[in-house]
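There are 2 protein chains.
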Amino acid sequence: MDWSTHATQLAKLVGEANVLTEKNDQAPFLKEWRDLYQGVTPMVVRPGSTEDVSAVMTYAYEHTLKVVPQGGNTGLVGAQIPKETGDEIVISLGRLNRVRAVDPDGFTITVESGVVLETLQNEATKVDRLFPLSLGSQGSCQIGGNISSNAGGTAVLAYGNTRDLVLGLEVVLPTGEIWNGLRTLRKDNTGYDLKQLFIGGEGTLGIITAASLKLFPKPKKLEAAFVGLSNPHAALKLFSLAKAQAGPVLTGFEIMPRIGMEFCVAHLEGARDPMAEPHPWYVLMELSSGSDAFPVRDLLESTLSEAMEAGVVRDAAIASSMQQVDDFWRLRHGMSGVQKREGGSIKHDVSVPVASIPEFLDTAMAAVSAFVPGCRPVPFGHLGDGNIHFNISQPVGADKDDFLAKWDDVNALVHGIVAEFNGSISAEHGIGRLKRELLHEVKSPVEMDMMRRVKSALDPKGLMNPGRLL
Amino acid sequence: MDWSTHATQLAKLVGEANVLTEKNDQAPFLKEWRDLYQGVTPMVVRPGSTEDVSAVMTYAYEHTLKVVPQGGNTGLVGAQIPKETGDEIVISLGRLNRVRAVDPDGFTITVESGVVLETLQNEATKVDRLFPLSLGSQGSCQIGGNISSNAGGTAVLAYGNTRDLVLGLEVVLPTGEIWNGLRTLRKDNTGYDLKQLFIGGEGTLGIITAASLKLFPKPKKLEAAFVGLSNPHAALKLFSLAKAQAGPVLTGFEIMPRIGMEFCVAHLEGARDPMAEPHPWYVLMELSSGSDAFPVRDLLESTLSEAMEAGVVRDAAIASSMQQVDDFWRLRHGMSGVQKREGGSIKHDVSVPVASIPEFLDTAMAAVSAFVPGCRPVPFGHLGDGNIHFNISQPVGADKDDFLAKWDDVNALVHGIVAEFNGSISAEHGIGRLKRELLHEVKSPVEMDMMRRVKSALDPKGLMNPGRLL
Numbered sequence: 001m002d003w004s005t006h007a008t009q010l011a012k013l014v015g016e017a018n019v020l021t022e023k024n025d026q027a028p029f030l031k032e033w034r035d036l037y038q039g040v041t042p043m044v045v046r047p048g049s050t051e052d053v054s055a056v057m058t059y060a061y062e063h064t065l066k067v068v069p070q071g072g073n074t075g076l077v078g079a080q081i082p083k084e085t086g087d088e089i090v091i092s093l094g095r096l097n098r099v100r101a102v103d104p105d106g107f108t109i110t111v112e113s114g115v116v117l118e119t120l121q122n123e124a125t126k127v128d129r130l131f132p133l134s135l136g137s138q139g140s141c142q143i144g145g146n147i148s149s150n151a152g153g154t155a156v157l158a159y160g161n162t163r164d165l166v167l168g169l170e171v172v173l174p175t176g177e178i179w180n181g182l183r184t185l186r187k188d189n190t191g192y193d194l195k196q197l198f199i200g201g202e203g204t205l206g207i208i209t210a211a212s213l214k215l216f217p218k219p220k221k222l223e224a225a226f227v228g229l230s231n232p233h234a235a236l237k238l239f240s241l242a243k244a245q246a247g248p249v250l251t252g253f254e255i256m257p258r259i260g261m262e263f264c265v266a267h268l269e270g271a272r273d274p275m276a277e278p279h280p281w282y283v284l285m286e287l288s289s290g291s292d293a294f295p296v297r298d299l300l301e302s303t304l305s306e307a308m309e310a311g312v313v314r315d316a317a318i319a320s321s322m323q324q325v326d327d328f329w330r331l332r333h334g335m336s337g338v339q340k341r342e343g344g345s346i347k348h349d350v351s352v353p354v355a356s357i358p359e360f361l362d363t364a365m366a367a368v369s370a371f372v373p374g375c376r377p378v379p380f381g382h383l384g385d386g387n388i389h390f391n392i393s394q395p396v397g398a399d400k401d402d403f404l405a406k407w408d409d410v411n412a413l414v415h416g417i418v419a420e421f422n423g424s425i426s427a428e429h430g431i432g433r434l435k436r437e438l439l440h441e442v443k444s445p446v447e448m449d450m451m452r453r454v455k456s457a458l459d460p461k462g463l464m465n466p467g468r469l470l
Numbered sequence: 001m002d003w004s005t006h007a008t009q010l011a012k013l014v015g016e017a018n019v020l021t022e023k024n025d026q027a028p029f030l031k032e033w034r035d036l037y038q039g040v041t042p043m044v045v046r047p048g049s050t051e052d053v054s055a056v057m058t059y060a061y062e063h064t065l066k067v068v069p070q071g072g073n074t075g076l077v078g079a080q081i082p083k084e085t086g087d088e089i090v091i092s093l094g095r096l097n098r099v100r101a102v103d104p105d106g107f108t109i110t111v112e113s114g115v116v117l118e119t120l121q122n123e124a125t126k127v128d129r130l131f132p133l134s135l136g137s138q139g140s141c142q143i144g145g146n147i148s149s150n151a152g153g154t155a156v157l158a159y160g161n162t163r164d165l166v167l168g169l170e171v172v173l174p175t176g177e178i179w180n181g182l183r184t185l186r187k188d189n190t191g192y193d194l195k196q197l198f199i200g201g202e203g204t205l206g207i208i209t210a211a212s213l214k215l216f217p218k219p220k221k222l223e224a225a226f227v228g229l230s231n232p233h234a235a236l237k238l239f240s241l242a243k244a245q246a247g248p249v250l251t252g253f254e255i256m257p258r259i260g261m262e263f264c265v266a267h268l269e270g271a272r273d274p275m276a277e278p279h280p281w282y283v284l285m286e287l288s289s290g291s292d293a294f295p296v297r298d299l300l301e302s303t304l305s306e307a308m309e310a311g312v313v314r315d316a317a318i319a320s321s322m323q324q325v326d327d328f329w330r331l332r333h334g335m336s337g338v339q340k341r342e343g344g345s346i347k348h349d350v351s352v353p354v355a356s357i358p359e360f361l362d363t364a365m366a367a368v369s370a371f372v373p374g375c376r377p378v379p380f381g382h383l384g385d386g387n388i389h390f391n392i393s394q395p396v397g398a399d400k401d402d403f404l405a406k407w408d409d410v411n412a413l414v415h416g417i418v419a420e421f422n423g424s425i426s427a428e429h430g431i432g433r434l435k436r437e438l439l440h441e442v443k444s445p446v447e448m449d450m451m452r453r454v455k456s457a458l459d460p461k462g463l464m465n466p467g468r469l470l
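Chains as they are written, first to last, in UniProt numbering: chain A, 1 to 470; chain B, 1 to 470.
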């Protein structure tokens, strides 16, 4: 059967307007935002309900069609982009965008997978609750993609990864069957916790169509400080002090280098350096509490003054308004985008044990600078989670393509150092297509074999996002 | 090959002293503490290392021997007891009791699976850290069993289930292969999160031999109150108040009925009622913080006075010493054991959404009292997790066996009510043998099929704890 026949059949299931076969219509679904991949597909199918997804998947299973599920198309490892071979259909989940249930008393919300993260955050706010997942692409990424990639972001320190926020899932399996695993219980030991396979499964085991998620008290008090420091060792000391003082109300702890600040001030509209003098490193520290009864401001001030006295901190600016808090975070969230404006950037999303961060940064920055003289490391990220986006901008005036041609070699160098620290080569972005060839280098044959067995058990025809992850 | 040949061969692998074939030697491994099961086995094998476990499992796989892994033998659903058929060998993990690494700065500990929970708690205390898992059997249960059953306990409210405390696992697979999944990272998105299958897997997919676990700051301040209330509706209101005020420092919230207090006073040595007057219901509320900077006592007092003013609370006693805190908890932890002294007890370990607890209790208590006139419901447990141990003691003077003969019917009645509230028939104890026949009643065919596929993928010969869970 040819593609046009498949398109006609699928149009009968989801409506003609929801099977995109024209190049122009397909374009937004095929372009990867970092320009690392350009997809080709016979059609983008846009089901409007779980039953639609089931019908499409049943058809695909019957006709052995390969399928690429896609959310907001903001993934960073190419898992959501169909291959250049042009034999994979895209199932876009954007029309599954209903909020099914909100339970503020039970601190839960149940939504379909195509709900945009920011919409979900706003739905929680409406009932005086917090959905804590927060990341740069929140205006367009969808919760189904967040779950499939076990997204991290800036609130992991206090609230955990996306995995920790999921209570239950509804999933369409590769056969087209619907698994209703939507639950809102805090405790349930009745068999294997199957949802865990789909969380971070990168769409290789099934299509998430809905999720029951945890909500939290909306912060009543929120304070943030922008801190200048000499080096990452001082940042780690500040983190230890802050954890000891503020414990569970320490909700953000992000590290940034001076060069990242310079990039932001140069390229991010309206951005300005919050400090009077330049500092080699910065930390954005946030404390917040859902209860009025906590002395959040006092905790921030006492932590900072203790750090000042101990010589850990060079200077600190405490936000005097929510506008200023937002400005601080804008610098942090802008840090990835501004690198585009400085030419080529070779990226790593790595983690090491938290206490090893300073030594890891020293070692890795020295190594890449020796390997590519003049390159400009811009490592930033979630110090409290041991997670650094170890990005390296090209030397000033160098040829972009020449620099990017070193991608694999630089990766190998950095990942080798990560391995020495018992770290991970993908802390939050996943494996997808970008790191698939690296996976067997960091996983034992036993673990690779276990993953393949699980994959075969749930996707016997190998139709779900083939060649991603595994 | 006969059992004595197998015993000889296995003795070559682990030493003769570690293959128990005599009835007397085997006895402690075969007796289930609630007297629900009496196991029979050709031998109890006691490996001393991960390599030993691997060698034993390799042998078992080769000779198609069924295997029952066992920790501290404190499980509540019979998963750890070999069947009466006598054709399952027991692998007892008690000799794998080394602490492999303690990292107080990184807040992690790596231990072997045979380490007793209380030993693990003490190891954390030695370095001024907290391992929060806490339950009645902590003096003899082992961490491997806690992980295999995803144990709950009294600290779930603040720290999560055992699942939430595990960073990495080392597992011997049914084939005898060793999977080294020991990691101490807070973020790692490199493939399926396989450890999740073994957590709560009840030993049906492999044998956990070691685990890397999260540690927390040792509470610097800890306060507890024993509160008398009119009914569970008031208890839920108190919980909402306490959450709003104390948020993350609310570390315990347990509900108990008057009759449970009476049982404790009658049967628990040295136990006494902390309140001057009797009350229909009690709550044990604990607040604690790893930081000196939190006003824990103030938060407790302000929560209670707000509750008093609102008429939610009848009376409250705040512990004036750590001894009194321990006394409060002793009443709570004793609540399960004392029921033995009051004749037969039919048990349920159920959860419902937190906000449904009062209505669930009203409905279920009325239903069982109508079904078995004179029976004495003793429901207690973790209100903040929606998890109630809905136990029912026999009518005074009734025949124990007659009463226990109603076990299945009473279960069906209570589980039916649980289902109406979208709850779970096993919130923390698991499925094991006790609830295996019930599982297909609460799981869809799709979910049962997925579980069987996962089981076959990892344990193709079906040797691991057969007939438990699935």
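Check before you lean on any hint, since a few could be wrong.
Any copy, or any two copies together, can satisfy a pair, since identical chains are not distinguished.
In silico DSSO-like cross-links for lysine-lysine, where the CA-CA straight-line distance does not exceed 27 Å [as the list claims (entries may be wrong)]:
| id | residue 1 | residue 2 |
| --- | --- | --- |
| 1 | Lys243 | Lys12 |
| 2 | Lys406 | Lys243 |
| 3 | Lys443 | Lys461 |
| 4 | Lys66 | Lys214 |
| 5 | Lys243 | Lys218 |
| 6 | Lys243 | Lys221 |
| 7 | Lys220 | Lys243 |
| 8 | Lys126 | Lys237 |
| 9 | Lys243 | Lys126 |
| 10 | Lys220 | Lys400 |
| 11 | Lys221 | Lys237 |
| 12 | Lys214 | Lys237 |
| 13 | Lys83 | Lys461 |
| 14 | Lys126 | Lys220 |
| 15 | Lys340 | Lys443 |
| 16 | Lys243 | Lys31 |
| 17 | Lys23 | Lys237 |
| 18 | Lys443 | Lys214 |
| 19 | Lys214 | Lys243 |
| 20 | Lys243 | Lys443 |
| 21 | Lys31 | Lys340 |
| 22 | Lys214 | Lys31 |
| 23 | Lys218 | Lys461 |
| 24 | Lys400 | Lys218 |
Derived by calculation from the structure, the hints in this document are not laboratory data.
Right, here's what the structure says about each hint:
For the homomeric pair Lys243 and Lys12, neither the shortest alpha-carbon distance inside one copy (57 Å) nor that between copies (51 Å) is at most 27 Å. Taking the shortest Cα distances, Lys406 and Lys243 never come within 27 Å of each other, neither inside one copy (39 Å) nor across copies (53 Å). Taking the closest pair of Cα atoms, Lys443 and Lys461 come within 27 Å of each other both inside a single copy (24 Å) and across two copies (25 Å). Taking CA atoms no more than 27 Å apart as the test, Lys66 paired with Lys214 passes in neither setting, with 33 Å inside one copy and 40 Å between copies.
Proximity of Lys243 and Lys218 under a CA criterion of 27 Å is satisfied in both settings, with 21 Å inside one chain copy and 12 Å between copies. Taking the shortest alpha-carbon separations for Lys243 and Lys221, both the intra-copy value of 18 Å and the inter-copy value of 15 Å come in at or below 27 Å. Both within a single protomer and between protomers do Lys220 and Lys243 lie at most 27 Å apart by alpha-carbon distance, with minima of 20 Å and 13 Å respectively. In this assembly of identical chains, the alpha carbons of Lys126 and Lys237 lie at most 27 Å apart only when taken from different copies (22 Å versus 38 Å within one copy).
In this homomeric assembly, Lys243 and Lys126 come within 27 Å of each other (Cα to Cα) only across copies, at 19 Å, whereas the closest approach inside a single copy is 31 Å. Taking identical chains as interchangeable, the C-alpha atoms of Lys220 and Lys400 are never at most 27 Å apart, the minima being 47 Å within one chain and 54 Å between chains. Taking CA atoms no more than 27 Å apart as the test, Lys221 paired with Lys237 passes in both settings, with 25 Å inside one copy and 23 Å between copies. In the homo-oligomer, the alpha carbons of Lys214 and Lys237 lie at most 27 Å apart only across protomers (20 Å), although the nearest pairing inside one protomer, at 32 Å, exceeds that limit.
In this assembly of identical chains, the alpha carbons of Lys83 and Lys461 lie at most 27 Å apart only when taken from the same copy (18 Å versus 38 Å across copies). For the identical chains of this complex, Lys126 and Lys220 are intra-copy neighbours only, at 14 Å inside a copy versus 36 Å across copies, given an alpha-carbon limit of 27 Å. For the homomeric pair Lys340 and Lys443, neither the shortest alpha-carbon distance inside one copy (32 Å) nor that between copies (49 Å) is at most 27 Å. Taking identical chains as interchangeable, the C-alpha atoms of Lys243 and Lys31 are never at most 27 Å apart, the minima being 41 Å within one chain and 45 Å between chains.
Taking the shortest Cα distances, Lys23 and Lys237 never come within 27 Å of each other, neither inside one copy (53 Å) nor across copies (58 Å). Taking the closest pair of Cα atoms, Lys443 and Lys214 come within 27 Å of each other only across two copies (22 Å); inside a single copy the shortest separation is 32 Å, beyond that limit. For the homomeric pair Lys214 and Lys243, the shortest alpha-carbon distances inside one copy (24 Å) and between copies (15 Å) are both at most 27 Å. Neither within a single protomer nor between protomers do Lys243 and Lys443 lie at most 27 Å apart by alpha-carbon distance, with minima of 32 Å and 42 Å respectively.
Taking identical chains as interchangeable, the C-alpha atoms of Lys31 and Lys340 lie at most 27 Å apart only when both belong to the same chain, with a minimum of 16 Å there against 66 Å between chains. In this homomeric assembly, Lys214 and Lys31 never come within 27 Å of each other (Cα to Cα): the closest approach is 32 Å inside a single copy and 40 Å across copies. Taking the shortest alpha-carbon separations for Lys218 and Lys461, neither the intra-copy value of 45 Å nor the inter-copy value of 50 Å comes in at or below 27 Å. Taking identical chains as interchangeable, the C-alpha atoms of Lys400 and Lys218 are never at most 27 Å apart, the minima being 45 Å within one chain and 51 Å between chains.
Hints 1, 2, 4, 10, 15, 16, 17, 20, 22, 23, 24 from the earlier list are contradicted by this structure; the remaining hints agree with it.
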